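J.: Sequence:
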Amino acid sequence: MKIKHRKPQNLPLLPVTKQRRMMNQPGKWVALVAAIWIQAFTGTNFDFPSYSSNLKAALGMSQVELNYLAVASDVGKAFGWCSGIALLYFPLWVVMLMAASMGFLGYGLQWLLLQGIVSLPYSMVYLLCLLAGCSICWFNTICYVSCIQKFPTNRALALSLIVSFNGVSAALYTLMANALDPNDASLYLLLNALVPLIISVVTFLPILHQPPAQPSSADATRNDSLTFICLYITAVITGLYLITFNSTPSSKYGAQLLLAGAFALLLVPLCLPGIWSTHKWLFRIASTGLSSVLHFRFNLVNHELQQELIPIETERSGTKVITPFDYKEKESISRKMMGKENLTVLEEEHSAKMLIRRLDFWLYFVAYFCGGTIGLVYSNNLGQISQSLGYSSLTSSLVTLYSSCSFFGRLISAGPDFMREKVHFARTGWLALALVPTPIAFILLAASGSEIALQIGTGLIGLSSGFMFSASVSITSELFGPNSSGVNHNILITNIPLGSFLYGVLAAVSYDSTAGSSNQTAAALGDVVVCIGRKCYLQTFIWWACISIIGLASCFLLFRRTKPAYDRHYESNPNKT
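Per this note's numbering, the sequence shown starts with residue 20, numbered consecutively.
Think of the hints as simulated: they come from the structure by calculation, not from any bench. Just so we're clear, the structure is a prediction, and the values are computed from it rather than from any experiment. Be aware that a few hints might be false.
Below, a list of computed lysine-lysine pairs in the BS3-like style, where the Cα atoms sit at most 25 Å apart [as the list claims (entries may be wrong)]:
#1 554 <-> 75
#2 372 <-> 582
#3 441 <-> 582
Please construct the entire structure, taking both the sequences and the accompanying hints into account.
T.: Laid out in structure tokens, this is it:
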């Protein structure tokens, strides 16, 4: 047998197109870290309880009027569709700067009001709160669009990760305020105005440079999952750091040290993907160099090795592109008529008109309305709740506790995605389980006015509502179609301003009536009457417990109706994201 010798040549272990694709991998991770930073510093609505009492005193408002300001911030979220329209005509970075400008104006003028520099009527303050709330929604849209574009096959993991960091905003702002001046509550408004603008400038280049998304192979998807595991571990460490050290009293200097540690932890996600990519790149270079040496010294062995690599390389080059969903499969499934009663398949596209006709959507709407939204309203009233129970000094720590538990709830919502190969359980079932702590918390708050009950109840509500806020993005995509999720999810979250108004008015009316009906429970602070005692929010907690039970029942019915569709989906796509 005559062996034909060839010139020595380097044999890459991957095709050139895949090597180029790997060179573009860091870009998507930098964009993900930019989205994490944006989310971490733009959840400015969570620190409303920290300065709400000052705002109430400055304007001489009643509790009902203060509630309307909290509602205004949530009403801004109802204009989330405007950000989607803006993205049709402007690039991401332009929309981001528009969002930062709205927040700067909305919060900045309120800070000038508390400083006594300007005098504003109540109606103008209401519009400023609405504008500030709108900026939050615009920031969220920017982050969602960026992650969906960069991680088509791991979009659920990417979305859960960035949304979870939105839950630590209150803890970060509390640290910043304590590091500057622990006794000045108006600092929260100044920070709300400046920090998102600064973060927008810092993340300007990653958002500006948006390389086109590359198709991912099975190996690349698996490697991305490993990187996500590292990022989630880092997120858990960050949350534990904030909830552990932020809950302990510290001096101004101590708060500055804790803030520096928090910033250092936020820089870690930027390093992990780079370390991982560098490791794989060095390993590939070493492997390529070793193969070149073997080729030079052992022509015969290299010839046989080359013959084995050719079909492997061809097979790798022909790897099928993984997209968020298989279009051919969808075309065949779309021919099947969807039953009028139950969903038959997941990820079936729904138009807005089709959406509002489905019973499953309204069960989902009620579950969100009576579950997640009521937790958000509770957080807006934390300042007055702690004040009425005699724990005014704990307001900041309670806000931090709610924020941190909301953060962990959002992280836990990614659990089904990590366990999808071993545990096939409908995501709506996980959602029903996550809503169980909410009625338990309100019953506990109604039964006891102790400090420990207040802390446990706040933590449970934050954990439950955080899970709902994060999981709802993926559930909307699965139940009503990924391509329509932007519009459909904005329709779903219209329940937030509605619930914020109704639940807030219920709490405010009960608060004011209790303060006016008993001289023993009312205390005058200037021109403002403040209710003191357990009775101030007792009826509210009872009502909220009953409403959250309705949300839990609605979510359980949704789970029962969608379970067959999830079962069929897992059987036909056991490894699908």
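J.: Confirm or reject each hint.
T.: Tested hints:
The straight-line distance between the Cα atoms of residue 554 and residue 75 is roughly 21 Å, inside the 25 Å bound, and the hint therefore holds. Simply put, residue 372 and residue 582 have alpha-carbon atoms about 24 Å apart, close enough for the 25 Å limit, and the pair holds. Proximity of residue 441 to residue 582 is assessed by CA-CA distance (about 17 Å); at most 25 Å being required, the pair is judged to hold.
Hint check: no violations occur; every hint is consistent with the structure.
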